[in-house]
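Starting from the given sequences, assemble the full structure and let the hints guide the process.
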Amino acid sequence: MVEILEETTGKDGRRILKVAKENLVQLMKDLKDQGFVHLSLITGVDRKDKLEVVYHVHNLEKNEVLVVKTETLDERVPSIATIFESANWDEREQYDLMGIVFEGHPNLKRLFLPENWVGHPLRKNYDLSKVQYINMDENGEDYATFDPGDGW
Amino acid sequence: MNVLLRLAQFFAPLTHYPAYILAYLFETLFLIIFVMVSLVAMIYLFRKYMARLQLRIGPNRVGKFGTLQLIADSLKLVGKESILPAGRDDLPYRIAPIIVFLGLVLSFALLPYGQFFYIGSLTVTNSDVSLLLLFAALAIMPIGEILAGFSSRNKYAVVGALRGVAKDVSFEIPMMISVLALVMMASAKTANPLNLTNLVEVQFIPYGIPQIIGLGVFFIAMVARASYSPFDMSESDSELVSGHSIEYTGMRFGMFYMGLFGSIFLSSLIVSLLYLGGYNGPFSGYAGFVYLLIKAVILVLISFTIWLSVPRIRIDKFVNMGWKYLLPASIINLIIAGILTLGVGI
Amino acid sequence: MMNTDISKPDEHGWVELNMGPQHPSTHGVLRLKVKLDGEIIKEVEPVIGYLHRNAEKICELDYYCDSLIYFDRMDYVGAMNMEVGFLEAAEKLLGIPPPERAEWIRVVMAELSRIASHLVWAGAFGLDLGMLTPFFYCFVEREKILRIFTEVCGTRQETNYMSIGGVYQDFNDKIVHDILEFTEQFPKKLEDIFSAYVKNDIFISRTKGIGILEPEVALNYGVTGPMLRASGVEYDVRKAEPYLVYDKLNFDIPVSYKKDNLARFLVRFEEMRQSIKIINQAVKKISDGPYFNPKAKKSLMIRLRGEGEVYARTESSKGEFGVYLVGDGGVKPYRLRVRSPSLKNLSILPYLAKDVMIADMVAISGTIDLVFGEVDR
Numbered sequence: 001m002v003e004i005l006e007e008t009t010g011k012d013g014r015r016i017l018k019v020a021k022e023n024l025v026q027l028m029k030d031l032k033d034q035g036f037v038h039l040s041l042i043t044g045v046d047r048k049d050k051l052e053v054v055y056h057v058h059n060l061e062k063n064e065v066l067v068v069k070t071e072t073l074d075e076r077v078p079s080i081a082t083i084f085e086s087a088n089w090d091e092r093e094q095y096d097l098m099g100i101v102f103e104g105h106p107n108l109k110r111l112f113l114p115e116n117w118v119g120h121p122l123r124k125n126y127d128l129s130k131v132q133y134i135n136m137d138e139n140g141e142d143y144a145t146f147d148p149g150d151g152w
Numbered sequence: 001m002n003v004l005l006r007l008a009q010f011f012a013p014l015t016h017y018p019a020y021i022l023a024y025l026f027e028t029l030f031l032i033i034f035v036m037v038s039l040v041a042m043i044y045l046f047r048k049y050m051a052r053l054q055l056r057i058g059p060n061r062v063g064k065f066g067t068l069q070l071i072a073d074s075l076k077l078v079g080k081e082s083i084l085p086a087g088r089d090d091l092p093y094r095i096a097p098i099i100v101f102l103g104l105v106l107s108f109a110l111l112p113y114g115q116f117f118y119i120g121s122l123t124v125t126n127s128d129v130s131l132l133l134l135f136a137a138l139a140i141m142p143i144g145e146i147l148a149g150f151s152s153r154n155k156y157a158v159v160g161a162l163r164g165v166a167k168d169v170s171f172e173i174p175m176m177i178s179v180l181a182l183v184m185m186a187s188a189k190t191a192n193p194l195n196l197t198n199l200v201e202v203q204f205i206p207y208g209i210p211q212i213i214g215l216g217v218f219f220i221a222m223v224a225r226a227s228y229s230p231f232d233m234s235e236s237d238s239e240l241v242s243g244h245s246i247e248y249t250g251m252r253f254g255m256f257y258m259g260l261f262g263s264i265f266l267s268s269l270i271v272s273l274l275y276l277g278g279y280n281g282p283f284s285g286y287a288g289f290v291y292l293l294i295k296a297v298i299l300v301l302i303s304f305t306i307w308l309s310v311p312r313i314r315i316d317k318f319v320n321m322g323w324k325y326l327l328p329a330s331i332i333n334l335i336i337a338g339i340l341t342l343g344v345g346i
Numbered sequence: 001m002m003n004t005d006i007s008k009p010d011e012h013g014w015v016e017l018n019m020g021p022q023h024p025s026t027h028g029v030l031r032l033k034v035k036l037d038g039e040i041i042k043e044v045e046p047v048i049g050y051l052h053r054n055a056e057k058i059c060e061l062d063y064y065c066d067s068l069i070y071f072d073r074m075d076y077v078g079a080m081n082m083e084v085g086f087l088e089a090a091e092k093l094l095g096i097p098p099p100e101r102a103e104w105i106r107v108v109m110a111e112l113s114r115i116a117s118h119l120v121w122a123g124a125f126g127l128d129l130g131m132l133t134p135f136f137y138c139f140v141e142r143e144k145i146l147r148i149f150t151e152v153c154g155t156r157q158e159t160n161y162m163s164i165g166g167v168y169q170d171f172n173d174k175i176v177h178d179i180l181e182f183t184e185q186f187p188k189k190l191e192d193i194f195s196a197y198v199k200n201d202i203f204i205s206r207t208k209g210i211g212i213l214e215p216e217v218a219l220n221y222g223v224t225g226p227m228l229r230a231s232g233v234e235y236d237v238r239k240a241e242p243y244l245v246y247d248k249l250n251f252d253i254p255v256s257y258k259k260d261n262l263a264r265f266l267v268r269f270e271e272m273r274q275s276i277k278i279i280n281q282a283v284k285k286i287s288d289g290p291y292f293n294p295k296a297k298k299s300l301m302i303r304l305r306g307e308g309e310v311y312a313r314t315e316s317s318k319g320e321f322g323v324y325l326v327g328d329g330g331v332k333p334y335r336l337r338v339r340s341p342s343l344k345n346l347s348i349l350p351y352l353a354k355d356v357m358i359a360d361m362v363a364i365s366g367t368i369d370l371v372f373g374e375v376d377r
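The listed protein sequences correspond, in order, to chains A, B and C.
For reference, each letter of the first sequence is one residue, going 1 to 152 in the numbering used here.
For reference, each letter of the second sequence is one residue, going 1 to 346 in the numbering used here.
For reference, each letter of the third sequence is one residue, going 1 to 377 in the numbering used here.
Everything labelled a hint here was simulated from the structure, so no lab data went into it.
This one's a predicted model, so the numbers in the text were calculated from it and none came from an experiment.
Every residue gets a Cβ at the ideal spot worked out from N, C-alpha and C, and that includes glycine.
Hints may contain errors.
As the list claims (entries may be wrong) - Straight line, CA to CA, 25 Å or less: simulated PhoX-like cross-link-like pairs of lysine-lysine:
| id | chain 1 | residue 1 | chain 2 | residue 2 |
| --- | --- | --- | --- | --- |
| 1 | C | Lys199 | B | Lys317 |
| 2 | A | Lys124 | C | Lys199 |
| 3 | A | Lys48 | C | Lys332 |
| 4 | C | Lys33 | C | Lys8 |
| 5 | C | Lys208 | B | Lys324 |
| 6 | C | Lys259 | B | Lys317 |
As the list claims (entries may be wrong) - Below, a sample of chain C positions facing chain B; criterion: calculated Cβ distance under 7 Å:
| id | residue |
| --- | --- |
| 7 | Trp14 |
| 8 | Leu17 |
| 9 | Pro24 |
| 10 | Ser25 |
| 11 | Val29 |
| 12 | Leu129 |
| 13 | Gly130 |
| 14 | Thr133 |
| 15 | Val140 |
| 16 | Ile202 |
| 17 | Arg206 |
| 18 | Ile210 |
| 19 | Ile212 |
| 20 | Ile358 |
As structure tokens, then:
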């Protein structure tokens with residue numbers, strides 16, 4: 001068993017477990033063995049001084065959704081894409097929009113935005129006044145520029 | 001009396017040769033006009049019929065009941081810029097739509113149309129091997145489609161052309177074998193069964209009745225030839241966008257479009273000629289063409305209903321069907337036709 | 001930026017083909033990078049984000065009550081379900097429960113919306129397979145539902161009908177009458193549409209045994225909704241964790257154990273029949289009373305403050321729709337995260353569409369029921 005830092009109950013009555021990010025992978029493996037086979041959602045929350053990653057895992061037999069939380073100061077969290085396939089795109093999305101680097105992810109590319117987009121929009125310090133334009137190159141790949149260019 | 005003689009008679013004051021030259025020219029012109037008019041009528045009928053099936057109104061803005069809609073559409077197509085893809089193979093790309101349209105008009109020229117009141121026989125070509133000529137002309141249209149697919153340098157078009165080839169190969173053989181059964185049956189009654197006129201005129205009982213299997217095989221082959229749903233794999237809009245005609249715009253696309261509707265009408269005419277007794281009927285010496293037209297239009301409506309109500313079959317399943325079901329069925333049909341001809345003597 | 005020439009075959013002899021974002025059968029702006037070996041698909045890589053608006057960020061910049069309209073625009077064919085999903089979370093966080101009458105009204109509207117969404121899917125699935133006509137029959141029926149929506153809230157599609165603490169407009173006798181009239185004639189029309197599909201041999205041959213999805217794989221990929229139920233997992237949030245008043249209603253969860261395209265088709269049609277059952281019960285059970293919680297009056301709405309965190313699950317027409325809402329005590333949400341079922345269901349496509357023909361991939365992506373407002377958000 002891994003060490004649980006804190007166990008609380010949320011406003012909606014769901015159990016919230018807090019773990020250190022080193023123990024995350026082991027905890028997820030344990031949870032999957034306990035019947036939490038469905039990873040519902042991965043959320044990154046920007047707490048300004050640190051990044052919080054929230055996992056909602058779901059046990060169909062017990063009909064329970066468990067919330068697992070971990071924190072990181074250096075934007076790096078171990079990936080659980082090898083345990084849950086559904087984490088693959090979720091982690092890509094959180095990397096794209098929140099800038100959390102999931103270490104060990106098989107294909108950590110941006111999911112929605114072009115590869116060379118500057119910044120991560122869901123961060124609290126993201127500058128909304130800077131407009132980036134998306135264009136398409138010859139191979140049909142998108143790229144982002146600060147220059148309006150011809151297409152705009 | 002036929003159209004040619006009537007026309008020559010009309011131009012008789014200009015000595016023999018000029019009269020016949022003019023007669024041939026005008027006959028060709030009339031044929032093209034007939035093809036165009038029937039295409040316009042077909043497309044209008046299709047739109048209205050489709051709308052009726054789909055709880056819609058259909059074209060109703062241009063002209064009374066939208067009758068002039070197609071004129072407006074074709075003017076629009078003519079006025080559109082014909083965009084040429086950069087990587088094309090130029091000559092095949094340009095001639096492909098022309099081949100399709102030419103094959104269509106050529107096939108129309110080879111059909112016997114029967115008698116029509118004062119004018120007499122409307123048949124354009126009187127050849128002893130018009131059946132062979134007809135199927136040779138029918139084989140021209142797919143060539144245009146395949147050329148279009150390969151020359152426009154588009155992956156969708158190439159896949160569409162490949163599908164088209166696979167499709168053609170798998171239905172042509174059953175189709176020809178079922179035609180062979182017809183010729184066999186007709187050879188008992190006439191000395192020259194390869195002449196379409198003879199083939200039609202010996203049908204006291206329409207051949208669709210003794211050769212019901214052959215009718216089925218031939219009709220399926222004709223649906224596949226015209227390539228509409230369920231056999232529109234080569235231009236399936238939900239998979240290959242529009243297959244071989246994807247890179248065509250303007251009137252070049254219009255030619256493919258006309259080729260599609262033209263071949264529906266053409267296949268209905270051929271099926272009604274070969275299997276449903278064609279223009280035979282009471283007073284066929286006067287109104288034979290009308291009978292043919294009625295039969296063809298009924299078949300066209302059946303084709304439209306099929307088109308609108310069934311999903312697309314997968315290409316491998318179609319090839320499977322062609323070799324595993326249509327081919328044995330056509331051979332069985334051939335055997336039955338042989339037994340009927342030799343044993344029973346229909 | 002890649003510089004490889006995609007017009008030539010690669011080292012396996014596979015050709016790369018771009019399907020979309022402008023392609024008739026990708027239901028919007030999905031782009032599929034497909035590696036083809038002749039007709040066989042060797043690899044699929046979905047590329048998404050062409051409709052990305054970052055609704056999560058926009059919601060963070062707005063008051064709680066303003067966020068609702070962005071949810072309408074997520075699953076725009078079943079907008080009421082999205083509203084229910086957001087309000088489940090927001091009302092728990094803000095502590096403003098709706099009165100019971102509003103809950104009944106929400107159930108009726110959500111189920112009507114579910115039927116509308118499934119009808120759009122059924123028609124579009126026919127188009128994917130090359131069937132033109134049933135599409136219009138589906139849309140005629142859908143239009144009747146949208147008429148009811150127009151009658152209730154003035155808009156057809158992006159309704160913005162519900163609000164924190166209740167609904168904007170009360171039901172009146174005419175609306176109840178319209179709904180009952182619809183539910184009376186709809187089952188017969190539904191059977192017509194149903195038989196247009198399943199009585200067709202080609203349709204069966206295109207769907208049966210194709211796109212088989214094992215339940216373990218489905219759960220591992222996070223697939224929910226009708227797709228999961230067609231794989232034989234009896235899981236529906238309406239039963240598992242009843243929200244609104246679903247626990248007071250009598251209905252069944254359709255499950256199929258065949259796992260293929262046809263199973264997903266049948267499950268969705270059965271869901272429509274069950275929705276009619278729910279609507280018929282709910283309309284009769286709508287209780288008297290206020291339809292709006294007075295704590296959430298319009299003038300007070302922008303002063304609502306929430307603290308803590310809530311994860312609310314609802315069953316939208318596509319699957320489990322989850323909203324994770326974090327409040328910091330201010331008037332705006334601190335973080336809002338949406339679990340969009342379409343996105344999760346789309347992630348199964350590379351697995352399902354491996355080594356199938358192009359035509360089958362189109363059919364499989366048709367059964368996923370994608371709505372791009374929701375996938376890209």
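Hint check results:
At most 25 Å may separate the alpha-carbon atoms for a hinted pair to count; Lys199 of chain C and Lys317 of chain B meet this at roughly 19 Å. Restraint check for Lys124 of chain A and Lys199 of chain C: not satisfied, since their Cα atoms lie roughly 56 Å apart, outside the 25 Å limit. For a cut-off of 25 Å, the pair hint linking Lys48 of chain A to Lys332 of chain C stands: about 16 Å separates their Cα positions. For the proposed pair Lys33 of chain C and Lys8 of chain C, the alpha carbon gap of about 15 Å is at most 25 Å, so the pair holds.
Between Lys208 of chain C and Lys324 of chain B, the direct Cα distance comes to roughly 21 Å. Compliance with the 25 Å bound is thereby established for this hinted pair. Taking the CA atoms of Lys259 of chain C and Lys317 of chain B, the gap is about 22 Å. The hint holds against a cut of 25 Å. For Trp14 of chain C, the shortest C-beta to C-beta distance to chain B is roughly 12 Å, which exceeds 7 Å, and the interface hint is violated. Taken as an interface hint, Leu17 of chain C checks out: its beta carbon lies about 5 Å from the nearest beta carbon of chain B, inside 7 Å.
About 5 Å separates the beta-carbon of Pro24 of chain C from the nearest beta-carbon of chain B, less than 7 Å, and the hint is met. Taken as an interface hint, Ser25 of chain C checks out: its beta carbon lies about 4 Å from the nearest beta carbon of chain B, inside 7 Å. The closest approach between the C-beta of Val29 of chain C and any C-beta of chain B is roughly 15 Å, which is over the 7 Å cut-off, so the hint fails. With 7 Å as the threshold, the beta carbon of Leu129 of chain C comes within range of chain B, its nearest partner Cβ sitting at about 4 Å, so the hint holds.
Hint status for Gly130 of chain C relative to chain B: holds, with the closest Cβ pair at about 3 Å, below 7 Å. Evaluation of the Thr133 of chain C hint against chain B yields a held restraint, the C-beta minimum of about 5 Å falling below 7 Å. The beta carbon of Val140 of chain C comes within 6 Å of a beta carbon in chain B, closer than 7 Å, and the hint placing it at the interface holds. Nearest Cβ of chain B to the Cβ of Ile202 of chain C: about 5 Å, under the 7 Å cut. The hint holds.
Checking Arg206 of chain C against chain B by beta carbon gives a least distance of about 6 Å; that is within 7 Å, so the hint holds. A hinted interface residue such as Ile210 of chain C counts as satisfied when its beta carbon comes closer than 7 Å to some beta carbon of chain B; here the least separation is about 9 Å, so the hint is violated. The closest approach between the C-beta of Ile212 of chain C and any C-beta of chain B is roughly 16 Å, which is over the 7 Å cut-off, so the hint fails. A hinted interface residue such as Ile358 of chain C counts as satisfied when its beta carbon comes closer than 7 Å to some beta carbon of chain B; here the least separation is about 5 Å, so the hint holds.
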